[in-house]
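Those sequence lines, one after another, are chains L and E.
All residue numbers for the first sequence refer to my numbering, where the first residue is 1 and numbers rise by one.
All residue numbers for the second sequence refer to my numbering, where the first residue is 383 and numbers rise by one.
Don't read these hints as lab results, they were simulated from the structure.
Each hint should be verified, as a subset may be incorrect.
Unchecked claim - Simulated pairs of lysine-lysine, PhoX-like, Cα-Cα distance not exceeding 20 Å: (1) Lys492/E - Lys242/L; (2) Lys99/L - Lys6/L; (3) Lys270/L - Lys350/L; (4) Lys387/E - Lys498/E; (5) Lys406/E - Lys494/E; (6) Lys242/L - Lys470/E; (7) Lys494/E - Lys409/E; (8) Lys388/E - Lys498/E; (9) Lys242/L - Lys436/E.
In this text the structure is predicted, and so the values were computed from the model without any measurement.
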Amino acid sequence: MSIKGKAYIAGIYEHPTRHAPDKSIAQLHAEVAKGALEDAGLTHKDVDGYFCAGDAQGGLWPMVDYLGLKPRHVDSTETGGCSYIIHLGHAAQAIAAGKCSIALVTLAGKPRTGVMPPRLQGAEADFETAYGATTHNAYGMCAMRHMHDYGTTSEQLAWIKVAASHHAQYNPHAMLKDVVTVEDVLNSPMISDPLHRMDCCVVSDGGGAMIVTTPEIAKSLKKPLVRLIGHGEAMKGPRGGKDLDLTYSAGVWSGPRAFEEAGVTPQDMKYASIYDSFTITVLMQLEDLGFCKKGDGGKFVSDGNLISGVGKLPFNTDGGGLCSNHPVNRGGMTKILEAVRQLRGEAHPKVQVPNCDLAIAHGTGGLLGVRHAASTAILERV
Amino acid sequence: MTEAKKYPTPVGNPESQPFWDAAKDGKFMIKRCTTCGEAHFFPRAICPFCFSDKTEWEQSSGEGEIYTYSHMRKSATGPYVIAYVTLKEGPSVQTNIVDCDPGSLKIGQKVKLVWKPTDGAPLPFFTPA
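Okay, chain E solo, but in the shape it has when bound (with noise of 0.2 Å):
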């Protein structure tokens, strides 16, 4: 295992704050708008599907599988992983697949959240489950 990747410090902003306050408790929150009933992420005030301002912040199960994916084998930092994880509550994110051999990955298969540090509120990552 090499030394732990540095992760950029979210910024926050007044519309996303929530977000961050809830991701130091270690709850992954996406927003579902209470008119049409869709969830959404990242989070919006107003919902991109129906243009209602009626938007809630409800807490992701954090399982979701894999939709796609790439290894992207060099970079500044190294090796990685992009993915699109699609959630348990409906949108697909996109993120980093962590702990994993980059190898063995299946579109489909699933997985789960993990936390990873930064100098501020930690970030959403998954790992197969």
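So that you can see chain L by itself, here it is in the shape it has in the complex (with noise of 0.2 Å):
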């Protein structure tokens, strides 16, 4: 049993706004639901699927009520920025087995303008809290691990920020259009070592969903057709300190998992989708994925490999987390929203891969020096 081609994400929608001060949590979420339903040529009486983490005001009773849904499938797994392609599976999996047919993904806030859901803590608390790990700081050890075991440096972390801000000068949306130098983010305030300010991601209100569905019902509407070949979902954390390693994620795990089902490898890849909260996650994503070998991202990311027309792989080309959006502080959904722009051939004309068939959409959730989850989404056109 597989999920490969039994799902398609026939609706996409994400909020133009990175700046809500007039709008609700759940209004925010309403609207991306309505964008992605009207994007399919659907209605919100057509959902019979909900899907909804953290970021979801109340969770899923709430939602679903306010949302006015009927679901007869729903799925609220939490694993932070990645929990949206965590969902793509799931909704994929439903559909295989006939629980829904029509599965709505939402991802929603204001970390700007409201108040953010408090991270929830586990058994660890008590010997961790003090400690006062932070997402800057978390991904600071893994950088600097990475730094002290395989040669990489700043100004390689740097190239990952100078090919985003080239893609995000096109989208009008971008929170941040400027194109950067090497020397610009090098020269940016060091906020936890060795991650400079321009290493980090934006912080931003606005949210984004998409519509899963059958085979069927997506040949019977009007997009072009892209379907999920290939998932993977997987979870790294210290597990009493043994043998502990900051170098690698949870992605060497998703990703294979994901490869092998899509019967696909990371070569095959036109374009990229990896979760940018900070340039060392993806210059690790890239190594555990199989872009590269482990140690070689720092190599692989840097004279613009990277840039959409340039380099041999063009990631992120809405100019992601780090210019662009960062939803809730959660990247997830906006990585599969642009790969599938990619493959639709709906992308910015000056980013747009030509035939771009095969994209790869990955994100991570949690701390990645900490304990962390990462799922791997292989997306098709057809």
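Grab the two chains, each in its own frame, and use the hints to assemble them into the complex.
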């Protein structure tokens, strides 16, 4: 049993807002849901599956009621920023099993102008809370060790931001549209060693949504056909502190599972959406997914290799989290949305990959240097 | 030297209470599984490696080396250095490197245990040896 080709992404919508003082969190969820349904050519009465994560105010009961849905399948898997990539796989499973036929997945929130839900803690709380792990320093610790073990440099990390900025200049909604240089990144203030301000993603209000459906329904609609052909999910943590290695992520497990199911390799990918909470996140994921050998990520990202039309692997052509947006501090949804745009041929002409028929959307959630999840989706234009 | 940082008081629970009781006596306890022989931290009743319930408390030497660290340049409570320290006994633990010059720290550097007070049991930290 495989989900290969069992589910299609028939509708997508990314909220244009990056700053939403005049909207509620639930309202943003409704707006992105409406946008994705309209994109697909469906209505909210058609929805029979609903997926949301920790950003959905109050969770499933309030959201389903607020949106006026009548789902026969629901899933509130919460794995931080990659929740929505996991939802895509779970939606495909549910669709393949006949548990629903039109699944709606929403993400939305207001970290700039509203309240963020607290990060939930587990059995580790007393043994870790006092030490102040945040996204910046947890990813900083990964970068420090990666530099130590593999000689990765700040210049190499900076190339990831440079590539993102080259793409963001064409995105009218991007928060940061200026093209930056390696020197600009290195000269930006140090936030948590070795990560500079420009190694970090933006903080933005907003959201996104997608409609996942059966092959039959997708073919009855008017959009170009994009289907899921491989999916993987995995988790990693210190696990009692044995053989700690912060230079790799759970992507080393989610990636191969997805590629195996899809029957393709990283080298077959025409476009890559890679979660870019920080530059180091991208570098480690590229290695973990097999785009290059572990430790070679620095060389791989250098010299514009991630810039569309310039390098071998066009990535995050919307400007990604580093330049465009990072709704609710969760980048998984927007990674799927830009991959679908590329596969549909709907990316900005300046960054559209010619004949883009295979793409990857990959993300992590949680703290890479502490405990996190990873999820990988391989998407194909039919 | 600025005013001493205020750290949260450990809440404790039936599983972890022996750790906090020992902390009050200045002893840093880890757990070791007598079935597979592996030590782990933070302490669990059931071994995360072999799932045996034969885990025993063991006092750590409090000696270790920096696996990795990051100097957080700004926060509501001021700058600090977060780190993982690999204990001589094996497990790596999340901590802060305190009472140090953050600019001089190195991965692999030897560090030793220090305690910092809270309103309850003290908390373990590390400082250059």
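Hints and how they fare:
1. Lys492/E - Lys242/L: This hinted pair holds, its Cα atoms lying about 18 Å apart.
2. Lys99/L - Lys6/L: Given pair Lys99/L, Lys6/L holds - Cα atoms ~13 Å apart, limit 20 Å.
3. Lys270/L - Lys350/L: holds (16 Å)
4. Lys387/E - Lys498/E: holds (9 Å)
5. Lys406/E - Lys494/E: The hint holds at about 18 Å.
6. Lys242/L - Lys470/E: holds (12 Å)
7. Lys494/E - Lys409/E: holds (13 Å)
8. Lys388/E - Lys498/E: holds (9 Å)
9. Lys242/L - Lys436/E: holds (18 Å)
The structure shown violates none of the earlier numbered hints.
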